[in-house]
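Please model the complete structure; the sequences and the hints are all you need to start from.
Number of protein chains: 2
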Amino acid sequence: MPELRQNFLTKEWVIIATERAKRPEDLVTHRPIKTVASFVETCPFCLGNESKTPPEVLRTPANGNWQVRVVPNRFAALARDLEPTRTIHRSRRTINGFGVHDVIIETPDHSQFMALMSDNHVADVLRVYKTRYDALSHDARIAHLTIFKNHGRDAGTSLEHPHSQLIATPVISHQVRGRFQHALAHYDEYGECMFCQMIEEELQEETRVVMSTEHFVALELFASATPFCTHIYPRRHMASFGDISAAEIQDLARTLREVLAKLYYGLEDPDFNFTIRSAPAECVGVRYFHWYVSIIPRLTRVAGFELGSGMFINTVLPEAAAEFLRKVKAEAGVGVGSSQ
Amino acid sequence: MPELRQNFLTKEWVIIATERAKRPEDLVTHRPIKTVASFVETCPFCLGNESKTPPEVLRTPANGNWQVRVVPNRFAALARDLEPTRTIHRSRRTINGFGVHDVIIETPDHSQFMALMSDNHVADVLRVYKTRYDALSHDARIAHLTIFKNHGRDAGTSLEHPHSQLIATPVISHQVRGRFQHALAHYDEYGECMFCQMIEEELQEETRVVMSTEHFVALELFASATPFCTHIYPRRHMASFGDISAAEIQDLARTLREVLAKLYYGLEDPDFNFTIRSAPAECVGVRYFHWYVSIIPRLTRVAGFELGSGMFINTVLPEAAAEFLRKVKAEAGVGVGSSQ
Chain A
0 MPELRQNFLT
10 KEWVIIATER
20 AKRPEDLVTH
30 RPIKTVASFV
40 ETCPFCLGNE
50 SKTPPEVLRT
60 PANGNWQVRV
70 VPNRFAALAR
80 DLEPTRTIHR
90 SRRTINGFGV
100 HDVIIETPDH
110 SQFMALMSDN
120 HVADVLRVYK
130 TRYDALSHDA
140 RIAHLTIFKN
150 HGRDAGTSLE
160 HPHSQLIATP
170 VISHQVRGRF
180 QHALAHYDEY
190 GECMFCQMIE
200 EELQEETRVV
210 MSTEHFVALE
220 LFASATPFCT
230 HIYPRRHMAS
240 FGDISAAEIQ
250 DLARTLREVL
260 AKLYYGLEDP
270 DFNFTIRSAP
280 AECVGVRYFH
290 WYVSIIPRLT
300 RVAGFELGSG
310 MFINTVLPEA
320 AAEFLRKVKA
330 EAGVGVGSSQ
Chain B
0 MPELRQNFLT
10 KEWVIIATER
20 AKRPEDLVTH
30 RPIKTVASFV
40 ETCPFCLGNE
50 SKTPPEVLRT
60 PANGNWQVRV
70 VPNRFAALAR
80 DLEPTRTIHR
90 SRRTINGFGV
100 HDVIIETPDH
110 SQFMALMSDN
120 HVADVLRVYK
130 TRYDALSHDA
140 RIAHLTIFKN
150 HGRDAGTSLE
160 HPHSQLIATP
170 VISHQVRGRF
180 QHALAHYDEY
190 GECMFCQMIE
200 EELQEETRVV
210 MSTEHFVALE
220 LFASATPFCT
230 HIYPRRHMAS
240 FGDISAAEIQ
250 DLARTLREVL
260 AKLYYGLEDP
270 DFNFTIRSAP
280 AECVGVRYFH
290 WYVSIIPRLT
300 RVAGFELGSG
310 MFINTVLPEA
320 AAEFLRKVKA
330 EAGVGVGSSQ
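Those sequence lines, one after another, are chains A and B. If you number the first sequence the way numbering that gives the first Met the number 0 does, the last residue is 339 and the count never jumps. If you number the second sequence the way numbering that gives the first Met the number 0 does, the last residue is 339 and the count never jumps.
Quick caveat, the hints were computed from the structure, so don't treat them as lab data.
Copies of the same chain look alike in the list, so a pair counts if it works inside one copy or between any two.
Using 35 Å as the maximum straight-line C-alpha spacing, the simulated DSBU-like pairs for lysine-lysine come out as follows:
| # | residue 1 | residue 2 |
| --- | --- | --- |
| 1 | Lys33 | Lys328 |
| 2 | Lys129 | Lys33 |
| 3 | Lys129 | Lys21 |
| 4 | Lys51 | Lys21 |
| 5 | Lys10 | Lys129 |
| 6 | Lys33 | Lys21 |
| 7 | Lys129 | Lys328 |
Source: prediction; values computed, not measured.
Here you go:
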């Protein structure tokens, strides 16, 4: 029997289509694991090719060979040297294209997927995210920051070398604003963070939990819109990613790397996106919103029903996806890049 | 210089990324036009294979050889013989999977794309949409109806034979509800339908209009989220697709067919979806909402930024897309299926 489920956080409905149900195993890509070179002559992100990128914004470590490097996107969607100016003319509303578009090069090694890095290397990447997040949060022209990663062609990557991106915009999107308003309404009615409530329920229920650590919980949402979409929530209430502590970064690195490795080994390197959903810059300390990481494997296609109705059809039970991922072994990263 | 534009109807922001800008010509698929057979032995939708589908819901004409046929989807996402029942348990909200999922087989001929049909044949399809729309709108268990079409693999099609679908759900999605609320707020503030206002402005402005007829206007939105996304609006204020008149159906058939043919010839058969965005069943006569057809070519991929921020990056200026489509010749359909 199919079932409609409502996302508690966003109020979106999803159809869990059991008549079309797939076993989690049916979504394994069966893609041959390809051998990737550590260095590609033409790749602007490879070690030794630093002159092929715009001038560096940040590198770590500061001296010696870099592990992680931040550069402006050469094909930036927005321009960073403007004062945002709004124009309203009848039904047409515009802001000139102010914004910041960074590329975070995660490793000098072309072949080193995040799923296969050491936890310490992932922690380096996360610390760089936080450094940029903190710096840009204090820019009064910026309303919202999106940190995201595209892995694979179906996830929108054009460059293979492991990298993430950050886009800072002078506006808060309608989608983000809407989610914020739901969280605020819930807080006003019940006096608690709806995310904290849900995390506690999921930990009791256990069936949708993929893994949990001292500081984080990775789970499939009850009303997950797409197969294997996995969220990582901090257990401690925090509205903004910028509030993460040093110990929490180390623990998030382990959790994120392990979830990515479970997807990598379990589904055979599926294309995926991840994004950090954090409070807008103007609301960093609020009691009602809770930041998290959303990892979205790109295993199915959005079709006319989803575009037209705004509802998704998910053919994999979230409980079955969680059980599948729990069983995939993905022990501590051993840095199996070809540089080892 | 890039520009942020806000969708007047939905309040969503889109980045018009001129630094990455593509000319409309850059998105031509250059896909070889493939020859498709009129009859495929294994296709359940082909003439003569009627026994391979579930029992027919509707056919037109009622006697003799059918032109359009409606059958239940064999792999329906929802089940039609249930009473919708809502369950709330802490953060988990469900409704059992009641719903209706029809397939509208647009033609007995496997090879006959809608872009290449006669206008009269498209009008037959639209009349069938309306018959099913009217019948299901009166079912008290149904809150919302989505009529949509998937054309091509990137648009989520699994069966090549030309068909559309209708899914009726016992809930109104959060997305649809939100758009409704914006339209209502606008009406309450200005005393006019925001769609009527925008259509009037676009007709004056002309730059984003693709074509206009006695009863319809096809245009690119000022803040179009994706390249060549084209909307067809009725000029007369109507909240619901069910309100369309016989003369308007004939005119919509011509407009829809011609826009699809412009995309087909201009971009060389791109994958696309279309959907009819109409008022929920409970609000058929409201003054503030205006139905329309949204045609969405699937030329680009949604990546992490779009998923994470809810904002889109559009690399083609809507004005350039409209100019490109205006120039593509797509005169009255001559039914160039291989049956001719």
